[in-house]
Amino acid sequence: MALTSRHARAAAVAAVAGLIALPFAGVADFYLSYLYVIFFWIALATSWGILSGYSGYWSFGHAAFFGTGAYTTATLAGKWGVPFLLTIPAAAGIAAALALGIGWVVFRINTLRAEFFALLTLSVTYVLAAVISNTPIDGGGGVYLSNVSIPQLGTTVPGAIYLLGLVLAFTALAVSRRILRSRLGAGLLAIHDDEDVAEVKGVPTLHYKLVAFAISSAIAGAAGAIQAAYVGYVTVGETFSITVPLYVVLMSILGGARHWAGPAIGATLITVALSLFVGGGHAELGRAGVALALVVVILVLPEGIAPSLFRRFARGKNAAPVTAPAPAPATASEPGNVVAMKPPAVHVAATARPLLTCRAVVKSFGGIRALQGVDLQVEEGEILALVGPNGSGKSTLINMISGHFPLSSGSIELQGASIDGLAPHEVARRGIARTYQIPRLFNHLTVLENVRLCAFFGGAQDAAGESPDELALRWLAFTGLEAKADVLPPALNLHERKFVELARALAARPRLLLLDEVLCGLTPTEVDHAIAMIRKIRAGGTTIVFVEHLMRAVVALADRIAVLDQGTLLALGLPRETMQDPRVVGAYLGTAHAA
Numbered sequence: 027m028a029l030t031s032r033h034a035r036a037a038a039v040a041a042v043a044g045l046i047a048l049p050f051a052g053v054a055d056f057y058l059s060y061l062y063v064i065f066f067w068i069a070l071a072t073s074w075g076i077l078s079g080y081s082g083y084w085s086f087g088h089a090a091f092f093g094t095g096a097y098t099t100a101t102l103a104g105k106w107g108v109p110f111l112l113t114i115p116a117a118a119g120i121a122a123a124l125a126l127g128i129g130w131v132v133f134r135i136n137t138l139r140a141e142f143f144a145l146l147t148l149s150v151t152y153v154l155a156a157v158i159s160n161t162p163i164d165g166g167g168g169v170y171l172s173n174v175s176i177p178q179l180g181t182t183v184p185g186a187i188y189l190l191g192l193v194l195a196f197t198a199l200a201v202s203r204r205i206l207r208s209r210l211g212a213g214l215l216a217i218h219d220d221e222d223v224a225e226v227k228g229v230p231t232l233h234y235k236l237v238a239f240a241i242s243s244a245i246a247g248a249a250g251a252i253q254a255a256y257v258g259y260v261t262v263g264e265t266f267s268i269t270v271p272l273y274v275v276l277m278s279i280l281g282g283a284r285h286w287a288g289p290a291i292g293a294t295l296i297t298v299a300l301s302l303f304v305g306g307g308h309a310e311l312g313r314a315g316v317a318l319a320l321v322v323v324i325l326v327l328p329e330g331i332a333p334s335l336f337r338r339f340a341r342g343k344n345a346a347p348v349t350a351p352a353p354a355p356a357t358a359s360e361p362g363n364v365v366a367m368k369p370p371a372v373h374v375a376a377t378a379r380p381l382l383t384c385r386a387v388v389k390s391f392g393g394i395r396a397l398q399g400v401d402l403q404v405e406e407g408e409i410l411a412l413v414g415p416n417g418s419g420k421s422t423l424i425n426m427i428s429g430h431f432p433l434s435s436g437s438i439e440l441q442g443a444s445i446d447g448l449a450p451h452e453v454a455r456r457g458i459a460r461t462y463q464i465p466r467l468f469n470h471l472t473v474l475e476n477v478r479l480c481a482f483f484g485g486a487q488d489a490a491g492e493s494p495d496e497l498a499l500r501w502l503a504f505t506g507l508e509a510k511a512d513v514l515p516p517a518l519n520l521h522e523r524k525f526v527e528l529a530r531a532l533a534a535r536p537r538l539l540l541l542d543e544v545l546c547g548l549t550p551t552e553v554d555h556a557i558a559m560i561r562k563i564r565a566g567g568t569t570i571v572f573v574e575h576l577m578r579a580v581v582a583l584a585d586r587i588a589v590l591d592q593g594t595l596l597a598l599g600l601p602r603e604t605m606q607d608p609r610v611v612g613a614y615l616g617t618a619h620a621a
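Residue numbering for the sequence shown follows my numbering, starting at 27 and increasing by one per position.
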């Protein structure tokens, strides 16, 4: 495998060297221009994929940033005489600044997602085109660049433009690949699947979206700058055409928008196909044939060509994968398939003291008060059960503590420091992790990737030198899911999905673990397994607050029980005493009345 990797790297280096040498080897300008067009679309499609492919924020306004770059060069070089090469970074910077300005406003509005974001970016293109067309930037007549001196870089002008296109295409690919394999890429992929959960798991979603938007737009702006020099005459109609984003989207979908090489593969295939079959006297038939072929490929390979192509090579890529520590044999008091291993230790004080304090917590949804002044204190190291009838506010309180919802009034403190008003990812960084009543996994990430993401972003506790992969594998072994590490969540049953939720939360190394009906829907045997695991988690030093309706589990696990009813704290105390309280019985079973 190592030999194959070395051969692949050697072949890639040789290919790049060959491409660089073409203009110096006397290759005709026609072929250099043809290859430049391919590189142009590779750069543009790859830049689109950095935001839209990875995060799922589909942009139909990529022409706005491409056009910004083109008109930056047209103005600076064509009108003001700025050296052409200096206009390329300027075009990239102005396009990135425009993206940051738009993103700073748009990404803060939760309703502007999916098709709303796509339509908004498309409208930005038309607004920008109207502004440029009706100002001295263009004025309606276009901008000529025939007077712009383009450095030949030791070759001809077409050769120089070819080299610039080559450098930009490979830069875009290198940046996209680096992002995909970084924390930023992991966060963007999580945003793609479920942005709200990604934020709660510790991903700084606003920051990551802004960074991806700026990088994507900067590359598009640089592509626009080089394209302006290539065409020599810039017009609003051509530059801001709807053709640009449509081609870019189609190329990315064909190649695979969630893979760093996908847009490049799609761009190459579509550009070559159009040049081969659209020319001549049967252009319309050629376009129809290319369109039909694209439809067939997309239907057969819905994830795109690149993921399907690279998946077979990815199997067995790691010759020596990281393995979880060998589990100890199960004891007689534990279910047989529960891994008998101590969870990674968290460092907590030996004496009980307040870890979480909720004071007069109120949450209103319109005219409905889900929580009405709840006061609750959770001691460090305890297991606190949160029970009550349906609609009593249990899950709402969990959402408030984790930052999923903002407080209407009141305060929440973690170890004496206020956490109300913090973004969910900041709450997660302070050591609070949670599960969801209905599992909300990232469906396009494997089980291992789901858990590893939380190891990347969550928790304030020391990971004891473990890498995110090692930490993720340890918790998968703990929950008995190590054999499912490479499986996608839709292939799991309910029991397995709930345990992946648990593994994700534990990989965040929390001080406080919030479990929202983690036992709901499990069989009696699976419940016993889960109870054993929760006991072992607490034995490792983690404080637990869990919402549950299964009373035998509540009595078996809880040190104290807090009972909510109609958004108020009805009772708080030891399990058996609290559940025998007449107010609690009345809340669950109702009050007897004379006939």
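Hints may be right or wrong, so weigh each one.
20 angstroms max Cα-Cα, derived EDC-like pairs, lysine to aspartate or glutamate [to be verified]: (1) Lys235 to Glu141; (2) Lys562 to Glu508; (3) Lys510 to Asp495; (4) Lys105 to Asp55; (5) Lys235 to Asp222; (6) Lys562 to Asp591; (7) Lys235 to Asp220; (8) Lys562 to Asp585; (9) Lys510 to Glu452; (10) Lys510 to Glu496; (11) Lys235 to Glu221; (12) Lys562 to Glu405; (13) Lys562 to Glu552; (14) Lys510 to Glu522; (15) Lys235 to Asp219; (16) Lys562 to Glu522; (17) Lys562 to Glu406; (18) Lys562 to Glu408; (19) Lys105 to Glu141; (20) Lys235 to Asp585.
Just so you know, the hints here were simulated from the structure itself, not pulled from any lab data.
A quick look at each hint next to the structure:
At roughly 16 angstroms between alpha-carbon atoms, Lys235 and Glu141 fall within 20 angstroms of each other, so this suggested pair holds. A distance of roughly 18 angstroms separates the Cα atoms of Lys562 and Glu508; the hinted pair therefore holds under the 20 angstroms criterion. A threshold of 20 angstroms between alpha carbons decides the hint, and for Lys510 with Asp495 the separation of about 14 angstroms falls inside it, so the pair holds. A hinted pair counts as satisfied when its Cα atoms are at most 20 angstroms apart, and Lys105 with Asp55 does not qualify at roughly 27 angstroms.
With a C-alpha separation of about 13 angstroms, the suggested pairing of Lys235 with Asp222 holds against the 20 angstroms cut-off. A threshold of 20 angstroms between alpha carbons decides the hint, and for Lys562 with Asp591 the separation of about 30 angstroms lies outside it, so the pair is violated. Our distance criterion of 20 angstroms between C-alpha atoms is met by Lys235 and Asp220, whose separation comes to about 14 angstroms. Simply put, Lys562 and Asp585 have alpha-carbon atoms about 15 angstroms apart, close enough for the 20 angstroms limit, and the pair holds.
A threshold of 20 angstroms between alpha carbons decides the hint, and for Lys510 with Glu452 the separation of about 30 angstroms lies outside it, so the pair is violated. Only pairs whose Cα atoms come within 20 angstroms are accepted, and Lys510 paired with Glu496 is accepted, the gap being roughly 15 angstroms. At most 20 angstroms may separate the alpha-carbon atoms for a hinted pair to count; Lys235 and Glu221 meet this at roughly 11 angstroms. Between Lys562 and Glu405, the direct Cα distance comes to roughly 18 angstroms. Compliance with the 20 angstroms bound is thereby established for this hinted pair.
Straight-line distance between C-alpha atoms of Lys562 and Glu552 comes to about 15 angstroms, which keeps the hinted pair within the 20 angstroms bound. Simply put, Lys510 and Glu522 have alpha-carbon atoms about 9 angstroms apart, close enough for the 20 angstroms limit, and the pair holds. Between Lys235 and Asp219, the direct Cα distance comes to roughly 14 angstroms. Compliance with the 20 angstroms bound is thereby established for this hinted pair. With a C-alpha separation of about 19 angstroms, the suggested pair Lys562 and Glu522 falls inside the 20 angstroms cut-off, and the hint holds.
Restraint check for Lys562 and Glu406: the C-alpha separation of about 16 angstroms stays at or below 20 angstroms, so the hint holds. Restraint check for Lys562 and Glu408: satisfied, since their Cα atoms lie roughly 13 angstroms apart, inside the 20 angstroms limit. In summary, the hint linking Lys105 to Glu141 is not supported, as the alpha carbons are separated by about 38 angstroms, beyond the 20 angstroms threshold. Simply put, Lys235 and Asp585 have alpha-carbon atoms about 42 angstroms apart, too far for the 20 angstroms limit, and the pair is violated.
Comparing the model with each earlier hint shows violations of hints 4, 6, 9, 19, 20; every other hint is respected.
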